[in-house]
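*Asks:* Here is how the chains run, residue by residue.
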Amino acid sequence: MTEQEIFDKVVAILKPYVKNKDALAQVSHETNILDELKVNSARLVDVVLAFEDEFNIEIADEDADAVDTVGDAVRLIKEKLG
Amino acid sequence: MILTPEEVLAMVPQQEPFRFIDQIIKIDEAHIVSEYRFRPEADFYRGHFPGNPVTPGVILLEAMAQSAVVALGIYVAVKTLGIEETNKLLTFFTDADVEFSGVVRPGDRVTTSAKVVFFRRRKMRSQAEMRLDDGTVVCSGTISGMGIER
Numbered sequence: 021m022t023e024q025e026i027f028d029k030v031v032a033i034l035k036p037y038v039k040n041k042d043a044l045a046q047v048s049h050e051t052n053i054l055d056e057l058k059v060n061s062a063r064l065v066d067v068v069l070a071f072e073d074e075f076n077i078e079i080a081d082e083d084a085d086a087v088d089t090v091g092d093a094v095r096l097i098k099e100k101l102g
Numbered sequence: 042m043i044l045t046p047e048e049v050l051a052m053v054p055q056q057e058p059f060r061f062i063d064q065i066i067k068i069d070e071a072h073i074v075s076e077y078r079f080r081p082e083a084d085f086y087r088g089h090f091p092g093n094p095v096t097p098g099v100i101l102l103e104a105m106a107q108s109a110v111v112a113l114g115i116y117v118a119v120k121t122l123g124i125e126e127t128n129k130l131l132t133f134f135t136d137a138d139v140e141f142s143g144v145v146r147p148g149d150r151v152t153t154s155a156k157v158v159f160f161r162r163r164k165m166r167s168q169a170e171m172r173l174d175d176g177t178v179v180c181s182g183t184i185s186g187m188g189i190e191r
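The listed protein sequences correspond, in order, to chains D and H. 21 is the number of the first residue of the first sequence in my numbering; add one for each residue after it. 42 is the number of the first residue of the second sequence in my numbering; add one for each residue after it.
Same shape as in the complex, but just chain D:
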């Protein structure tokens, strides 16, 4: 799977939880999930579970805690996919 494909899937998973639609329209690897997309922090668990299901990977809580930006999520998933 290419990095762009992972990025597109990550954005699609985040989309239902995004409150700042303008930021979503400009989304990049540097976009902060909580501060810019305004995803509720309690929804991050849902997002991580969706990543696990979509990519068939397991994400440890410590790894999930280190995800701030969309790019962090893409890198983490890419690493897990090997």
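Some clues are possibly wrong.
Derived DEER-like restraints, expressed as beta-carbon distance ranges [stated by the list, open to error]:
| hint | chain 1 | residue 1 | chain 2 | residue 2 | range |
| --- | --- | --- | --- | --- | --- |
| 1 | H | 103 | D | 100 | 36 to 42 Å |
| 2 | D | 101 | H | 142 | 41 to 47 Å |
| 3 | D | 58 | H | 88 | 33 to 39 Å |
| 4 | D | 58 | H | 148 | 43 to 49 Å |
In short, the hints are calculated from the structure, not lab data. Ideal Cβ placement from N, Cα and C applies to all residues, glycine included.
Got chain D; can you put chain H on it based on the hints?
*Replies:* Relative to the frame of chain D, chain H by itself:
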């Protein structure tokens, strides 16, 4: 550490007049069954509705959440994080997707049954259902809460 139903109930922080669990019938790391009888003297019946008291849906949801998220969450948190860590947390409602399908009158007893969907990073999501004694389902759906440091 494994708690008894009585110990779990004693740890539920909601108290009268906002406690909607009388008894936890059974509880384990995946399920809970509890009962509550709605007090006819509850203040909200005066306005909901005058002359035709009906338990508000938000109260049914709160009652279901106190069992399915707070009490069950306490049990699972104590088992996985330990009592010390669990005591530092207070469970807050985060999201719900529920349907209401019946009416609960003053004095009615309801039974809430729930099973864990997930418990991750201090967030609990449960699939829950509330029934009247005659078996009528009055409220059902998924509800979630998260342990936040007090």
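*Asks:* Now tell me if each hint is right for this structure.
*Replies:* Cross-check of the supplied hints:
no. : hint                         : verdict
1   : 103(H) to 100(D): 36 to 42 Å : 39 Å, holds
2   : 101(D) to 142(H): 41 to 47 Å : 43 Å, holds
3   : 58(D) to 88(H): 33 to 39 Å   : 35 Å, holds
4   : 58(D) to 148(H): 43 to 49 Å  : 44 Å, holds
Checked against the numbered hints given earlier, this structure breaks none of them.
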